[in-house]
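Undergrad: If you read the protein sequences in the order shown, they are chains A, B and C. Residues in the first sequence are numbered consecutively from 0, following numbering that gives the first Met the number 0. Residues in the second sequence are numbered consecutively from 0, following numbering that gives the first Met the number 0. Residues in the third sequence are numbered consecutively from 0, following numbering that gives the first Met the number 0.
Calculated directly from the structure, the hints in this document are not laboratory data. Just so we're clear, the structure is a prediction, and the values are computed from it rather than from any experiment. Cβ coordinates follow ideal geometry from the N, Cα and C atoms, glycine included. Misleading hints may appear alongside valid ones.
Per label pair, the in silico range of CB-to-CB distance [to be verified]:
#1 B:68 to A:115: 55 to 61 Å
#2 C:192 to B:330: 53 to 59 Å
#3 A:46 to C:79: 56 to 62 Å
#4 A:102 to C:418: 55 to 61 Å
Pairs of lysine to aspartate or glutamate, EDC-like flavour, derived with a Cα cap of 20 Å [as the list claims (entries may be wrong)]:
#5 A:61 to B:125
#6 C:37 to B:125
#7 B:90 to C:205
#8 C:37 to B:264
Some residues of chain B that are not near chain C, with every Cβ distance over 12 Å (derived) [what the hints assert, rightly or not]:
#9 94
#10 111
#11 147
#12 242
#13 386
#14 498
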Amino acid sequence: MNTSAHLKFAKTDEWFDAESGAIGISDYAQNQLSDVVFVEILVEEGDEIAVGKPIASVESVKASTEIYAPASGKVSAVNAALADAPETINSDPYGAAWMIKLEGGAAGDELLDASAYEQYCEGRGH
Amino acid sequence: MADISTALDAIIVEPTVFELSSPGRTGTTMPAADVPAADSLPEHLLRSELPLPELAEVDVVRHFTRLSQFNYSVDEGFYPLGSCTMKYNPKINEDTCRLPGFLFTHPLQPIETVQGNLALMFELQEWLKEISGFAGVTLQPAAGAQGEFSGVLMMAAYHKMRGDTKRVKMLIPDAAHGTNPASVGMLGMQVVTIPSDERGNVNLEALKAACDDTVVGMMLTNPNTLGLFDEHVEEVIRLVKDCGGLMYGDGANLNALLGIVRPGDLGFDVMHFNLHKTFAVPHGGGGPGSGPVGVSERLLDFLPNPLVGIIEEGDEEEDLAPLYGFVTPKHSIGRMKAFHGHFGGGLVRAYTYIAMHGPDGLKDIAQHAVLNANYLQAKLRGTYRIPFDRICMHEFVAEGRFEGSDVRALDISKRLIDYKFHPPTNYFPLIVPEALMIEPTETENKDTLDRFVEAMLKIAEEAQSDPELLKSAPHTTRFGRMDEVKAARELILCCWLPENYESLT
Amino acid sequence: MTYIPISPAEREAMLETVGVKSLDALFEAIPAAHRFPKLNLPPALSEMEAAAHLADLASTNENAREHLISFLGAGAYHHYTPAVVDHILRRGEFYTAYTPYQPEISQGTLQAIFEYQSLMSALTGMDVSNASHYDGATAAAEAMNLAYAQFRGKRKKVVLSPFLNPQYREVIGTYAQAAGIELVGADAQTDLEATPESFAELIDEDTMLVVVQYPDFFGRIYDYQKLAEAARAKGALFCIVANPTALITLKTPADMGADIVVGEAQPFGIPLWFGGPYLGFFTTKKAYIHKMAGRLVGETVDSRGQRSYVLTLTAREQHIKRERATSNICTNQGLLALAAAVYVSTLGKSGLQKVADLCYQKAHYAASELSKLDGFSLRFDAPFFHEFALTCPKPAEEVNQYLLDHGILGGYALGKDYPALKNDLLVAVTEMNSREEIDALVETLKEMN
């Protein structure tokens, strides 16, 4: 499993980059989902969102899941390119597959750092 | 978009009707017009082209015959697909449903001209009431899922009528079919998942904690999707009713209960039937289904519109049949579909089947369906782990995995195909890892079951000795495993006539 | 023991393997007070008796092949089905198979559905077709579900043409109450001459969907292009409920700007069968497939490089998406989609055109002859295909009763749904109606007082 040291993670497998305000899903999550074929971002630029709000819906060949905001703030950008290339979530979950960016985003209280999240995932079996 | 070159590179086993087309062919003749020609429609209302295939009748017959040979079916062999009740479909039903009196009656004909149809529907309503213990039955819903949607609509309407507007929660066990939460989702209700206990029953403590005055009701499949009859079903129903909720029964597994117990007697308020499972209506490659719904006294007025009723009583002494017609329940939730349900394909076949069984024959069905399932379970128990191991009903769930092997349920299933069996249901219910859900039905003999057991035991050996054999299965079929990712990414969802079609001669 | 192939000796051996003494002992989990109820049902019939009993029931009906001349349509149509259709349908390989969950051994069903999808897309002009819905009415309701999901519940209003089949409006109403959707436009007092353009004023920023019928319930043909543009201007989706036989001739809904085209494909090789099972077709633009309910077959290759087909985008559906799914639908009308595919393939382009032409010519002959009768006239001036509203000199119910006494199913009495049309009959004419039958209708009405 691969994590990125500067990110914070939610137990529902979203990551939050406090520096850029970006949000996406973890390598563990994309691996569980397998081949992603559809992404829909459920929020728009300018929306104020709270922690836990559904921000995207992702469908793979065999599964479907909602993505919840790991942080609160105002949506400053939406990754429109993702809709046309949902497979990016599998190939580059921490990079090109960011979903939205928050302005003045505040991380949720229960986010884990990378090593704690790694440990958490290892304990989940499969 | 589709990568055309990839598509062209694939080996074509059977061309499509578009590829088989040739300009100027036709598969049928029609009489010449016997009326004077009328003015045509104005040009701007007409279509510019009609890009449909042209084939001769023999082309059509050979094409679809070849396609049929790519299918596995109940007529060919054992089909233990759990939760789907793939029993044998008696041939007489195929003839009765095609009687001209049924085939050529229009749904809007005056009732006086369709008394045979209406009598059949009325009697079937009565029979289903008797079999299930409910006070009323609608035959209208098109399939189980639509029956379920009707049922949930009635539950909502019942609470609304009483001014009980705070009820928003539907309790659903973790082993439920996906249609249960989806039906609830269609009404914007909130799903509360209730876990199972270690014997596969509803966890009573969790249920007690969830029961309050915001509960719409509970949707319970019983026997559940583990194939187990809930040992505390009466207690479950009492808890739900004590908090003012209604009890929905998912009738998907009714085959195990015919003549054994009536859901209405247990206290259920509403249940859908799957005529295509329980009463041998063929599954048709994925439909049509037929999903009548039974309700208790307190939901009678909410049934979908219309029902079949008696408009004028008959007189037996004078050999005068009653006049049947359509009636509207007082607070009906409305119409679920156009016309009156899946009459020809569903109701006539189910009626024929029930008529040929009678009360004792129906009980035989349930008893032997349960015997066959328990026999398979007993024979497989030592080799495949049965996580909830007790006397099952019409089906049981085994784990498709082995200690120290990375072979999965999917691999076992695909390998079964090599042994000429249809695989069980995979990966459902979700609470059993690598689930193999096995439902033999009552229409299989002991030899077939023994051959199936033999294949399953052989596969368990192969999983240790040659796991690759399983992972690359099936080997003996016309087609190998499909690239599902390619299908979902490229989304080629239809085909067309070839680009140079008009110039073909 | 009708269809149970287990001998008494085998049963005993199996019970021993299971470890119980009797069949009844398998049911101890069932509350004793309710176990083994005595069912009050008629005793079992043998196959011979059942066949006779069912034949008896069927012959109690008067049907459109043996007894009655029929001009009844209004959503279900009497067409000729070539023999080949039922011969294919009766193949056990098709009708006793289940949903094609194991594609390696279901390519027959899968390719047939793929071809059905292709034929419906070609007919409507739309990008994609799903594997079908229960019937035309529920397909229209699923169009509403699609729109609701597309706008994620933010738009709450659906504009329904008052000239949409009343049963379809009822079904949409049933589905709408579930999600709290507001329906506008369908009003019994509507101006019956209102043009499609006049509905444009009902469309606003809260409108998710506009639904019209083509030809409309009275058989009238309108070009909906302007109304489609008005819907688009407000960001709403536009759905056309179409008759597939009429589409053989008419400008495609895609050309008018439809986002969703649905309808009842019963006219394509499916018997009247007293109302079902029928075949709801559902076609749309590629942009909306992720919000479309129902099964979908896509092309792929297998491990041996062979072209093949699978159920695809299944994560949209209820068994995976559960309460977040657009609809709870699981089944499609698989066998009937096969019937439609065989029907369209057998008639082919020229046969279908011939059927459409016969329907059109005969309906226009009937309309022309009937409107020459004293007291009878065509209710509307708009162009029509194979169905039209006929104004009669007395209530349509009485006219129908009179015709029935003469062995004719006259048509659909419109007064039930449109009080202003108490004297109007909706008359459908297909290739099944010979000139003699049409003349008999005309003669019979001529003699009616």
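Undergrad: Next step is simple, just say for each hint if it's right about the structure.
TA: Hints versus structure:
1. The given range of 55 to 61 Å is respected by residue 68 of chain B and residue 115 of chain A, whose C-beta atoms sit roughly 57 Å from each other.
2. Evaluation of the 53 to 59 Å hint for residue 192 of chain C and residue 330 of chain B yields a failure: the beta carbon distance comes to about 36 Å.
3. In this structure the hint that residue 46 of chain A and residue 79 of chain C lie 56 to 62 Å apart at CB holds, the actual value being about 57 Å.
4. Taking the beta carbon of each, residue 102 of chain A and residue 418 of chain C are about 59 Å apart, inside 55 to 61 Å as hinted.
5. Proximity of residue 61 of chain A to residue 125 of chain B is assessed by CA-CA distance (about 42 Å); at most 20 Å being required, the pair is judged violated.
6. The straight-line distance between the Cα atoms of residue 37 of chain C and residue 125 of chain B is roughly 15 Å, inside the 20 Å bound, and the hint therefore holds.
7. For a cut-off of 20 Å, the pair hint linking residue 90 of chain B to residue 205 of chain C is broken: about 53 Å separates their Cα positions.
8. In summary, the hint linking residue 37 of chain C to residue 264 of chain B is supported, as the alpha carbons are separated by about 12 Å, within the 20 Å threshold.
9. Its beta-carbon lying about 7 Å from the closest one in chain C, residue 94 of chain B breaks the requirement of being farther than 12 Å from that chain.
10. Against the 12 Å criterion, residue 111 of chain B falls within the reach of chain C, whose nearest CB is about 8 Å from its own CB.
11. The Cβ of residue 147 of chain B does not lie farther than 12 Å from every Cβ of chain C; its closest approach is about 7 Å, which violates its non-interface assignment.
12. The non-interface label for residue 242 of chain B is consistent with chain C: the shortest C-beta to C-beta separation is roughly 21 Å, beyond 12 Å.
13. Every CB of chain C lies more than 12 Å from the CB of residue 386 of chain B, the least distance being 17 Å, so the non-interface label holds.
14. The beta carbon of residue 498 of chain B is kept farther than 12 Å from every beta carbon of chain C, the shortest such distance being approximately 14 Å.
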